[in-house]
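S.K.: Residue strings, one per chain:
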Amino acid sequence: MNVNPAKIALVLLVVTVLPLTPSSTMQVGLSEKVLVFPYETDFSFVALIPQKEMALRAFTLCMRVATELPEERQIILFAYRTADYDELNVWREKDGRVSFYMSGDGAFFHLPPLSTFRTSLCLTWESRAGLAAFWVDGKRSTYQVYKPGHSIRPQGTILLGQDPDKHLGGLEALQSFVGEVTDLNMWDFVLSRSMIQAWHYKHKVPKGNIFDWATMEYELNGNVMVVDDD
Amino acid sequence: MNVNPAKIALVLLVVTVLPLTPSSTMQVGLSEKVLVFPYETDFSFVALIPQKEMALRAFTLCMRVATELPEERQIILFAYRTADYDELNVWREKDGRVSFYMSGDGAFFHLPPLSTFRTSLCLTWESRAGLAAFWVDGKRSTYQVYKPGHSIRPQGTILLGQDPDKHLGGLEALQSFVGEVTDLNMWDFVLSRSMIQAWHYKHKVPKGNIFDWATMEYELNGNVMVVDDD
Amino acid sequence: MNVNPAKIALVLLVVTVLPLTPSSTMQVGLSEKVLVFPYETDFSFVALIPQKEMALRAFTLCMRVATELPEERQIILFAYRTADYDELNVWREKDGRVSFYMSGDGAFFHLPPLSTFRTSLCLTWESRAGLAAFWVDGKRSTYQVYKPGHSIRPQGTILLGQDPDKHLGGLEALQSFVGEVTDLNMWDFVLSRSMIQAWHYKHKVPKGNIFDWATMEYELNGNVMVVDDD
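Note that the protein sequences, when read in sequence, are chains A, B and C.
The opening residue of the first sequence carries number 1 in the working numbering; numbering runs sequentially from there.
The opening residue of the second sequence carries number 1 in the working numbering; numbering runs sequentially from there.
The opening residue of the third sequence carries number 1 in the working numbering; numbering runs sequentially from there.
Hints listed in this document are in silico derivations from the structure and should not be mistaken for laboratory results.
All figures in this text were calculated on a predicted structure; none of them were measured in a lab.
Note that beta-carbon positions come from the ideal geometry of N, C-alpha and C, so glycine has one too.
Some hints here could point you the wrong way.
[Unchecked claim] Pulled a few chain A residues facing chain B out of the computed Cβ check, cut under 7 Å:
hint : residue
1    : Gln27
2    : Gly29
3    : Pro38
4    : Glu40
5    : Glu72
[Said to hold, decoys possible] Okay, derived cross-link-like pairs now, DSSO-like style, lysine-lysine, Cα gap no bigger than 27 Å in a straight line:
hint : chain 1 : residue 1 : chain 2 : residue 2
6    : A       : Lys147    : A       : Lys33
7    : A       : Lys147    : C       : Lys202
8    : C       : Lys139    : A       : Lys204
9    : A       : Lys139    : C       : Lys204
10   : A       : Lys94     : B       : Lys204
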């Protein structure tokens with residue numbers, strides 16, 4: 001099945017040119033909701049519209065995620081792409097490691113496996129020293145030093161469910177996400193351990209200033225369900 | 001060893017024609033009791049008599065189950081059959097996944113393995129969206145979309161311990177259950193997360209309106225023991 | 001890459017001859033800090049200066065440690081060497097066991113694997129009966145009897161990150177530590193279970209009288225980062 005390039009182009013247009021203007025297909029707010037990607041496809045994804053431009057020298061990205069996909073299957077968990085670069089892609093790799101890539105080679109982490117049960121997954125990075133870590137259910141991985149001095153470029157497209165290739169239309173079913181995502185939040189700074197643990201336990205934390213699940217602007221494409229989080 | 005067709009026919013008669021009439025072999029109430037299936041057989045099973053007809057468009061089925069059977073062994077966990085259909089069968093598959101089938105192909109879930117320790121296992125399904133999930137020790141699996149619009153048919157036979165085949169007498173030792181089952185309850189609606197967690201922790205929850213372990217009507221067949229739950 | 005023998009010699013000089021005299025490269029105090037060894041090298045290490053001579057007939061050594069190194073990789077966790085002997089080396093072995101060596105053959109323990117998340121690891125030994133045990137997150141391993149009557153010799157060099165060979169310059173990248181170490185403390189006696197558990201939970205315990213992380217004198221060499229423990 002081929003993806004419709006016009007559709008992708010529209011998403012890019014909406015996201016990059018009119019990020020704050022509601023469109024007929026755009027929806028707002030996912031409080032107490034879960035995104036369910038029920039099947040493997042090359043056309044189902046959710047475009048997320050950030051509250052501010054993603055020119056970033058630090059960030060915290062958090063989400064709760066569950067999947068039944070087998071361990072050896074590559075899975076895209078988050079994709080932020082500008083015209084020429086994968087600015088910030090988060091993957092579960094074929095070898096089970098969790099990784100992220102900013103404009104080139106990635107950083108790879110050995111974490112407990114994603115499973116059918118929800119995992120609280122956060123990723124923190126700051127440009128000054130390049131310290132990067134994943135946080136699983138509030139516990140930090142070992143730090144890695146990754147791309148000190150780097151900046152993430154603004155004005156791209158953020159997708160859940162698919163990895164947009166360099167060539168528009170290059171969505172691959174075998175990289176797609178199948179499962180559930182909820183409570184995705186993103187901040188343009190590194191949250192402290194206590195804040196990340198508070199988020200894990202659903203206590204009060206500062207609202208994400210890039211993405212705030214409760215007020216998220218998003219566009220559903222293909223076969224994605226929005227269901228109550230019981 | 002062959003099963004006695006007349007015996008099965010009697011069970012079917014008792015269960016489907018006289019569900020609320022005590023017989024010499026029927027017993028009532030399993031509060032604080034555990035059913036122990038000590039050996040692999042093709043003749044040991046427990047027939048359960050529901051409190052109401054099982055014409056269902058939603059349900060929650062819960063039980064506590066423990067088994068020492070090896071991971072690669074298929075195990076029937078619950079079988080509800082009408083004349084022509086396996087209406088609701090729950091299995092541990094050869095590949096370790098837990099599954100359920102309603103009149104045809106099944107839905108398969110990767111769960112933590114059943115073990116010699118007791119697992120709280122619930123299954124929820126509702127017909128409208130087809131959302132199906134297992135709950136292990138109060139934690140929900142990833143949702144799967146399974147047979148939206150389907151209805152379970154009434155007037156069948158419910159067995160623990162064996163899978164009744166289309167042809168009467170088709171019980172197979174290599175599918176039988178060996179181990180312990182207790183606290184099986186069933187409701188004709190989907191319990192909330194908090195209710196399922198309450199059940200897991202043995203707090204007070206609404207009594208099952210299809211099956212209530214404390215007042216269960218059941219008939220023992222073959223080699224099944226009723227022992228105190230210490 | 002070869003190590004510079006002069007550099008090692010300097011370290012030995014600083015440590016053994018001027019242990020309490022600050023030098024231009026010596027630093028003091030690691031309270032709320034973590035040592036990050038980001039890459040595999042044969043030149044990155046931290047020399048630790050003890051508060052008193054390490055002539056020991058008993059000790060408790062504690063640290064919090066995290067590593068992403070694969071399970072089959074040998075890792076040096078602590079190295080204390082005098083001119084002719086490895087006085088006290090702590091290893092994660094190739095087979096995953098954790099071990100320690102005092103002047104010869106070692107003692108090997110099956111512990112939960114070190115991981116990307118922090119493990120609280122203590123080691124206790126006393127010379128009288130030779131009782132030795134590791135403590136993981138406050139839980140004691142089975143005791144082993146190891147070298148009763150033995151004494152650890154004073155006036156050596158303590159390194160984190162590398163294992164100094166008999167021949168100066170014999171640092172091996174494939175034995176080096178990669179990951180994080182924090183809160184290393186050492187006492188010249190065996191702490192009680194309740195004290196070790198208190199330390200694990202970061203409650204108040206007697207300050208280490210050989211090493212006290214908060215007032216630690218240390219010298220960084222090669223590529224080691226001191227970062228805030230968030």
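S.K.: Decide, hint by hint, whether the structure agrees.
M.R.: Status of the hints after comparison with the structure:
no., hint, in the structure
1, Gln27, "violated, 18 Å"
2, Gly29, "violated, 20 Å"
3, Pro38, "holds, 4 Å"
4, Glu40, "violated, 12 Å"
5, Glu72, "violated, 13 Å"
6, A:Lys147 <-> A:Lys33, "violated, 35 Å"
7, A:Lys147 <-> C:Lys202, "violated, 33 Å"
8, C:Lys139 <-> A:Lys204, "violated, 33 Å"
9, A:Lys139 <-> C:Lys204, "holds, 23 Å"
10, A:Lys94 <-> B:Lys204, "violated, 44 Å"
Taken one by one, the earlier hints fail for this structure at numbers 1, 2, 4, 5, 6, 7, 8, 10, listed in ascending order.
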